[in-house]
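Colleague: Take each chain as given, in its own frame, and dock them per the hints.
Those protein sequences? They're chains C and Y, same order as listed. Each position in the first sequence, counted from 1, maps to that position plus 6 in the numbering used here. Each position in the second sequence, counted from 1, maps to that position plus 65 in the numbering used here.
Read the hints as simulated data drawn from the structure, not as lab findings. Just so you know, not all the hints are guaranteed correct.
[What the hints assert, rightly or not] Pairs of lysine-lysine residues, derived as BS3-like cross-links and limited to a Cα-Cα distance of at most 25 Å, are as follows:
hint: 1; chain 1: C; residue 1: LYS214; chain 2: Y; residue 2: LYS251
hint: 2; chain 1: Y; residue 1: LYS122; chain 2: C; residue 2: LYS338
hint: 3; chain 1: Y; residue 1: LYS143; chain 2: C; residue 2: LYS406
hint: 4; chain 1: Y; residue 1: LYS149; chain 2: Y; residue 2: LYS122
hint: 5; chain 1: C; residue 1: LYS220; chain 2: Y; residue 2: LYS145
hint: 6; chain 1: Y; residue 1: LYS417; chain 2: Y; residue 2: LYS471
hint: 7; chain 1: C; residue 1: LYS178; chain 2: C; residue 2: LYS60
hint: 8; chain 1: Y; residue 1: LYS149; chain 2: C; residue 2: LYS406
hint: 9; chain 1: Y; residue 1: LYS227; chain 2: C; residue 2: LYS213
hint: 10; chain 1: Y; residue 1: LYS70; chain 2: C; residue 2: LYS220
hint: 11; chain 1: Y; residue 1: LYS270; chain 2: Y; residue 2: LYS282
hint: 12; chain 1: Y; residue 1: LYS122; chain 2: C; residue 2: LYS220
hint: 13; chain 1: Y; residue 1: LYS411; chain 2: C; residue 2: LYS220
hint: 14; chain 1: Y; residue 1: LYS70; chain 2: Y; residue 2: LYS145
hint: 15; chain 1: Y; residue 1: LYS302; chain 2: Y; residue 2: LYS540
hint: 16; chain 1: C; residue 1: LYS220; chain 2: Y; residue 2: LYS130
hint: 17; chain 1: Y; residue 1: LYS227; chain 2: C; residue 2: LYS214
hint: 18; chain 1: Y; residue 1: LYS183; chain 2: C; residue 2: LYS406
hint: 19; chain 1: C; residue 1: LYS406; chain 2: Y; residue 2: LYS282
hint: 20; chain 1: Y; residue 1: LYS411; chain 2: Y; residue 2: LYS527
hint: 21; chain 1: C; residue 1: LYS220; chain 2: Y; residue 2: LYS270
hint: 22; chain 1: C; residue 1: LYS214; chain 2: Y; residue 2: LYS195
hint: 23; chain 1: Y; residue 1: LYS411; chain 2: Y; residue 2: LYS445
As the structure is a computational prediction, the values presented were derived from the model and not from experiment.
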Amino acid sequence: MIKHTQHYKNIRPMYVDLTPQPGEKRLLMEHVQVPNIHTLPVYESKGGYQALKKVLESKMDRETLIKEVQGSAVRGRGGAGFPTGNKWNFVPKNTDKPHYLLCNADESEPGTFKDRVILEHLPHMMIEGMIIGSYAIQAARSYVYIRGEYTYATEIVDRAIQEAYKAGYLGKNILGSGFDHEMVVHRGAGAYICGEETGLISSLEGKKGWPKLKPPFPAVEGYLRCPTVVNNVETLACVPWIINHGAEAYAKIGTPKSTGTKMWSVSGDVTRPGVYEVENGIPFKDFLEKVCGGMKGGRKLKALIPGGSSAPIMTAEEAMSCTLDYESIASKGSMLGSGGMVVLDDSRDLVQVLKNLAEFYREESCGQCTPCREGTGWLEKILHSFTERQARREDLQLLKTTSQNMIGRTICVLADSIAMPVLSYLEKFPGEFENYLQGSSNTSSMSGRVKHNG
Amino acid sequence: MAKVKINGKDFEVPTGQNLVDAAENLGIDIPHYCYHPGLSIAGQCRMCYVEQPGNSKLQIACNMKCSDGLEVITDSPKVKDAVKWSLEFHLINHPIDCPICDQAGECGLQDYYMEVGKYSSEMREHKQIKQKAVDLGEKIVLDKERCILCGRCVRFTQEVSKTSELGIYNRGDRSVIGTVNDEVMKDNYQVNTVDICPVGALTSKDFRFEQRVWFLKEVSSVCNGCSAGCNIDTHHKSGKHIYRLKPRYNPEVNEYWMCDDGRPTYKTANYDHRLTAAKLGGVELPTNEAVTTWMNDLRTLIATERTDEIAAWIHPDLTSEEITSIVKTLRDEFGISQFYSEDADKSARDDKTVDQLLKRADLWCNTQGFLKVTSALKLKLGSLNQLEERLAQAKINHLVIFGSEKNVGVQSLKRIRAALPADCFTVLISPRLQNAELFSHSLAIPSISHYEKNGTIMNWKKIEQKLGSDFRMFKSAWSVEEILTSLSQEYQRPQKEVSRA
Numbered sequence: 007m008i009k010h011t012q013h014y015k016n017i018r019p020m021y022v023d024l025t026p027q028p029g030e031k032r033l034l035m036e037h038v039q040v041p042n043i044h045t046l047p048v049y050e051s052k053g054g055y056q057a058l059k060k061v062l063e064s065k066m067d068r069e070t071l072i073k074e075v076q077g078s079a080v081r082g083r084g085g086a087g088f089p090t091g092n093k094w095n096f097v098p099k100n101t102d103k104p105h106y107l108l109c110n111a112d113e114s115e116p117g118t119f120k121d122r123v124i125l126e127h128l129p130h131m132m133i134e135g136m137i138i139g140s141y142a143i144q145a146a147r148s149y150v151y152i153r154g155e156y157t158y159a160t161e162i163v164d165r166a167i168q169e170a171y172k173a174g175y176l177g178k179n180i181l182g183s184g185f186d187h188e189m190v191v192h193r194g195a196g197a198y199i200c201g202e203e204t205g206l207i208s209s210l211e212g213k214k215g216w217p218k219l220k221p222p223f224p225a226v227e228g229y230l231r232c233p234t235v236v237n238n239v240e241t242l243a244c245v246p247w248i249i250n251h252g253a254e255a256y257a258k259i260g261t262p263k264s265t266g267t268k269m270w271s272v273s274g275d276v277t278r279p280g281v282y283e284v285e286n287g288i289p290f291k292d293f294l295e296k297v298c299g300g301m302k303g304g305r306k307l308k309a310l311i312p313g314g315s316s317a318p319i320m321t322a323e324e325a326m327s328c329t330l331d332y333e334s335i336a337s338k339g340s341m342l343g344s345g346g347m348v349v350l351d352d353s354r355d356l357v358q359v360l361k362n363l364a365e366f367y368r369e370e371s372c373g374q375c376t377p378c379r380e381g382t383g384w385l386e387k388i389l390h391s392f393t394e395r396q397a398r399r400e401d402l403q404l405l406k407t408t409s410q411n412m413i414g415r416t417i418c419v420l421a422d423s424i425a426m427p428v429l430s431y432l433e434k435f436p437g438e439f440e441n442y443l444q445g446s447s448n449t450s451s452m453s454g455r456v457k458h459n460g
Numbered sequence: 066m067a068k069v070k071i072n073g074k075d076f077e078v079p080t081g082q083n084l085v086d087a088a089e090n091l092g093i094d095i096p097h098y099c100y101h102p103g104l105s106i107a108g109q110c111r112m113c114y115v116e117q118p119g120n121s122k123l124q125i126a127c128n129m130k131c132s133d134g135l136e137v138i139t140d141s142p143k144v145k146d147a148v149k150w151s152l153e154f155h156l157i158n159h160p161i162d163c164p165i166c167d168q169a170g171e172c173g174l175q176d177y178y179m180e181v182g183k184y185s186s187e188m189r190e191h192k193q194i195k196q197k198a199v200d201l202g203e204k205i206v207l208d209k210e211r212c213i214l215c216g217r218c219v220r221f222t223q224e225v226s227k228t229s230e231l232g233i234y235n236r237g238d239r240s241v242i243g244t245v246n247d248e249v250m251k252d253n254y255q256v257n258t259v260d261i262c263p264v265g266a267l268t269s270k271d272f273r274f275e276q277r278v279w280f281l282k283e284v285s286s287v288c289n290g291c292s293a294g295c296n297i298d299t300h301h302k303s304g305k306h307i308y309r310l311k312p313r314y315n316p317e318v319n320e321y322w323m324c325d326d327g328r329p330t331y332k333t334a335n336y337d338h339r340l341t342a343a344k345l346g347g348v349e350l351p352t353n354e355a356v357t358t359w360m361n362d363l364r365t366l367i368a369t370e371r372t373d374e375i376a377a378w379i380h381p382d383l384t385s386e387e388i389t390s391i392v393k394t395l396r397d398e399f400g401i402s403q404f405y406s407e408d409a410d411k412s413a414r415d416d417k418t419v420d421q422l423l424k425r426a427d428l429w430c431n432t433q434g435f436l437k438v439t440s441a442l443k444l445k446l447g448s449l450n451q452l453e454e455r456l457a458q459a460k461i462n463h464l465v466i467f468g469s470e471k472n473v474g475v476q477s478l479k480r481i482r483a484a485l486p487a488d489c490f491t492v493l494i495s496p497r498l499q500n501a502e503l504f505s506h507s508l509a510i511p512s513i514s515h516y517e518k519n520g521t522i523m524n525w526k527k528i529e530q531k532l533g534s535d536f537r538m539f540k541s542a543w544s545v546e547e548i549l550t551s552l553s554q555e556y557q558r559p560q561k562e563v564s565r566a
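In isolation and in its complexed conformation, chain Y is listed as follows (with noise of 0.2 Å):
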């Protein structure tokens, strides 16, 4: 720990720490643009004055690492006109489109102009002129005028993915980003340049123009995308809609990325993907409707001992309390001993990186929990091929599926779907409305999707991670536990005796 002082206070902060980090945690803000944490040190907009005792001229906080006796002053008139004017420089030929531009409400120059800005500017000259709107492939959007040239990009394409894609061109006022004769990007982390972007100069197409920002809420998450569990910020309106996500800081796992594979993954969660309600042969009824007629059938074949004609088909996309709550309910309840899955064990043992960074050649999100939880509880698997056989030779007569949502799953599914005997009673529990088209004769018990699902996954590295999300998109998909706990209340609620239909 080093001894520095603030302003005059004294505060004890990890020694090499940069200062506007350390700043930062002290809930001192020292204004920045291209300085980040995850980045090399730029030292180019030169917002982060500030001022040392001895010391006639500003220094830069971001080219300062805290060590013992560090003292400076953030907030003296002289720092404060200098951040003001800093800021003036980087407005004057800035077009302040703000009420077009996609990163109003979450803009550097808004944030800082409200905070140190000189509010009436002196600017009186024409303004520079530069491309807008330039294409950059299939991702992004860059609009030079906008730019501040701060630089976040550029380094991040040059020390975090490696691709060397994007530079600065020109010189002096005529700068700007771009990359080697006009080509479009091919970086796949591409993405996170727009989320380091403190203004709108990199707007990405997904999200561009689609919702304002001060309209949606974050609640954080993991990515379903690979093995790699990258922390994500889903970033949602209402609770109706989710509009993008964003990666979280986790020093662990991901730093402050994610691929650009992992962005769209939120998609399958909105409506148009999405099985609204509960359907039997193509006709809705209500979620607990459904569970009661599914009930019906499982009771059945309970009260006559035929459970060996019972099977459940899981994969390792669900998290460790589902799978936990489906072996508990069907298997120790119910007493269903058929179970198949995904092979997760190839999947672990096959899983290594794909680029370097980031993305994992498995794609299932909770293979390690899966294997976890599964060998904890004894459950006996048995694979795609097997279930197949049985299938064919007519032995199963009551299927339980538990489909992903994500198109890696879908295989699987048709295979099963192929190898189904018509007779053959099935449920689907997916949220996934794909998936409930290929089994649209069966029973379909809409689900959550992952980004409205509490609990736990475990990435590649085996490290726990929770998602806490706190909104649901629709009142007829239930989490799996739900479903599960309905459908065993319903077996212990006394019935009247009901004949196999």
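Bound-form chain C, shown alone (with noise of 0.2 Å):
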């Protein structure tokens, strides 16, 4: 086994106080709290691997598996939302080349840590999803892609690995079912974009992590040129819940189209942040109050960044009225995205906010398209004028264009991800803006900035 936090002192996993809240409906983390939960015997004493014995030992045809999780209507917990079922279902059934499942778990986005609280407390879980994953699409290979920064993380996945191993849950043969399969740990080098999809796929290969063109689609053509799967963390978390209790049970917990639990990372001026999981479709007042313990010193909710920073945002109006559940808060303009929830209360310049965000995805631009290479460059040096109160009335418009021009014009969405925020804060919160126009010492469209024609 390799010693990956051997260079690293004073490891440890996250602070985050796992504590069950009044208003939580716990599936993936019932057994968070129970000591040793990371390692195999205490978490086969809890029913682990119940499912994946369920699948093996009856040797489940593959189609039956994939519709079992189709019929749960589980959606990718990564932040596209995709349902899962049918992305195991796109991997071609008669093909020479190998398949593979890659496991997500560069978990990077700002404001999302959800996934690191199965990494570090609940790698079997995800394992055992893995496994189950892995013989419905009939992958011999899965690998786990995690985040570099993830030290702690790894050493408890990779030693959940190995015990698997020794437990003939992975190797030959799993359970005398006669499915072989193994189970790769790789550790990311620290870059955002390696958490794309496609982009995670490249930086496994071994090039740089740029995310690829599709046509083709992973499904189809992924890793090494195979049908490959890329599923969150949490979505494989899931896997061995909805086989134990049946795609009804947990299409029953949620909305309609929202089916199942969510986790979600709080952070911001909330009195508890930490990670929760909740039904979907739960009022987001009831889980601000109930959860998260309301907002810290009473103060009052400004705006709420719902799935992670790359979510538009939304103000406390929008906020206070939706549910937690990928369609209301679609409605409102955002997205559920990852469930990294940023509360922002009135202390907070928004302006700032944004341009702190802009700065991070100035920095993780990969650089391949040039929309989003020029582009998120561009909004960070516009949007640092306004901080420094040297912004024009004009360069509302140009964010305004500027984002426009970079939405839905890339390989990936990493444009969109600073574009649609930069659109939502213009169109929700315009006063902030305008305080930075109202002290701006630049009055004429010159000076203070470098002209250039062309």
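Modeller: Shown next, in the form of structure tokens:
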């Protein structure tokens, strides 16, 4: 076993209070507080690997298995919300090429840290889900692509995989079913873009983490040009529960289109930031008050970023009237995304927040497509001119046009991930920008900034 | 063939053809930078947007293959606006230093700026600062600020020359092209990256700052560097100076590329290397007088039936027409029977690829044509050794040398020079000054260089290719055919009896 953490001192799990809060519904996190749940014996004592046994010992038909997952209507928890069963179903049935399942554990979106809880506390749940998923798509090998900075989690996952090998859940002829499967941990090297499905594939192939052109889609031509499924950690962790309790039971939880539960990582101005699992469809108001303990210091909610930093911002009114499911959040012009919730109170300066985000996306743009490579930098510079009180009124329109010309114009959605927030901040909080224009020392279009004709 | 609809009009195009190419063939220009038909598809410049009915998202044409029912719009306001902004994104961090940029006049940014550009830029921020004039070795200079990161050069070294020497380093708007540890490039096909670079990021050391491209004219020819016969365009100014060679597309021979050894072959055609006037014993004379002088000596020998004392040296860099003309005039008309040449059989036999790409071991450009013509004419050829032997025996009184303009021929000429008896009348017909200096005591007649020739050469695959030049650098330099025709006319002209000096 590789000691991933041997070079690091004082390595320890993420500090997060995992005590269940009123209003939570825990399917995945049910036993998260059990001591040593990350080890195989404890996980097994809590019903672990029963789903895998159910699938392999009965040699469940792969079609039936995929139908079961489709029936649960579980959607990808990484951000895009694509139905998982359908994704598995896209893998061609009759190819000579090997198939691969990749677990996307490159959790790097600002505000998102829910996968880390699974990786550090429930690695076996994810591994079980991965083996079942691999069985469904006939993958003989799967990879956990784990964020490079998650050193402790890497160690835990690696240890869990070794345990699974020893127990016969991985390796040759698993549980006498004739199904062989290998699982490998791969550490990222610190690029946000490698959490993008095809960027992850490029990185895993040993190339620069540049997203790939689609078509061909990964299900047809992915890792090493073979059929590949990339699933999020949380998505895969849902699979054992679905198999154990049945698709119907899962589909009954949540709303008809957003079934099951969702893990939310909450940060910002709330009394109890942390990771929570709630049934899809609960009102945000209840979530904030009951689960997160309300706003910190009794301050007022100003804005909400619901699904990771790339999700468009919501006003307090929009947030308070929405429920936590894909559709309701989408109806407010934002997205559930990865469930990385950032709560902002009325003391927050949203232009500073947006500039901070723009800096992140400029830093992390891979530089492949021109609109993103150049546009992210441009947006950051314009926003910088706002915070430096050098902005002109025309810059409001320029921010808008630049963003509009970045959306949907690139190979992956990193450009959209900053352009959409910019548009939403401009639309929903124009006053914030106005404050900076009022105080701006720049009245002419030329002063303070270099003008280039071209 | 596939039935496609572009801008509402129906067309039939080859199935599977790339949409950018298909449209170009139909006269519809889809702007693009990263797409190159000889490389894989990157889809990253985001210039080739097209609209598809029923799809609100713009698609890129370079990732589309023509198939039945494909319908795209390339000129809708939505497409035009998107392209305009894509170009704007390309330009916001570009230094726009066109007046001092060597690419000006053949720059993709300039071209599309005029066609589809957003004329008034709104970029008022500081531009990204990157390295300029980075030395990539003997052949290329890189300007990282001008680079638009289309990645063509990177894909070229990965996919064509397979050295993978270039890569894109860093990310976002700090991305730059570079080599590992800033090492110099060793790739023997690297100058192709300069050709395919759509902007002034990669410039060739040989060509940069030499000439503005709008003064140059192109004429199609074939490289004479080896038996590969890569199709090229000769870029010359007013027919007085050749500035560069660029590969010309030929799917059967060289596709889009040529090697770096072929690139400088034009140099021997330029003034410094040329024999610019006929010389007799170092004294200049007009070319027609030189031909007369030659004829005078020849006539004596012919008249006294001493043609067995005359010999001619030829080589496989001559065009098939030149060889034919030499044999027809010297053998068939004057009755000269002794012909010696480089060992073309051996060259053909030993010919093989040098680098699994284009370059061949045989450095003569017309070996196959030479063999074909000489065997058709049933020409008996002697070797260099035999010529040396005959010269040593003083059995040759009159030697005609057709000297190669390339270095590869100099060795043989030196051996001939060493074996040459002092009293042998020698005529050197060559474009190369160095050859004339070697035979400084002889009669030297300037001929035209390879890149001025019209004629046919045959490459190793036995593909016959035309040299189609339309310019002459010097009036005094004649083609081999012209020299021989003039000689023949001189022969037929009634003459007073002239005794041999």
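Colleague: Does each hint fit the structure? Answer for all of them.
Modeller: To see whether the hints hold, each was checked on the structure:
no. : hint                   : result
1   : C:LYS214 with Y:LYS251 : holds (23 Å)
2   : Y:LYS122 with C:LYS338 : holds (22 Å)
3   : Y:LYS143 with C:LYS406 : holds (17 Å)
4   : Y:LYS149 with Y:LYS122 : holds (16 Å)
5   : C:LYS220 with Y:LYS145 : holds (23 Å)
6   : Y:LYS417 with Y:LYS471 : holds (20 Å)
7   : C:LYS178 with C:LYS60  : holds (18 Å)
8   : Y:LYS149 with C:LYS406 : holds (16 Å)
9   : Y:LYS227 with C:LYS213 : holds (16 Å)
10  : Y:LYS70 with C:LYS220  : holds (23 Å)
11  : Y:LYS270 with Y:LYS282 : holds (20 Å)
12  : Y:LYS122 with C:LYS220 : holds (13 Å)
13  : Y:LYS411 with C:LYS220 : violated (52 Å)
14  : Y:LYS70 with Y:LYS145  : holds (18 Å)
15  : Y:LYS302 with Y:LYS540 : holds (16 Å)
16  : C:LYS220 with Y:LYS130 : holds (13 Å)
17  : Y:LYS227 with C:LYS214 : holds (17 Å)
18  : Y:LYS183 with C:LYS406 : holds (17 Å)
19  : C:LYS406 with Y:LYS282 : violated (46 Å)
20  : Y:LYS411 with Y:LYS527 : holds (16 Å)
21  : C:LYS220 with Y:LYS270 : violated (38 Å)
22  : C:LYS214 with Y:LYS195 : holds (21 Å)
23  : Y:LYS411 with Y:LYS445 : holds (16 Å)
The structure does not agree with the numbered hints 13, 19 and 21 stated previously, though it agrees with the rest.
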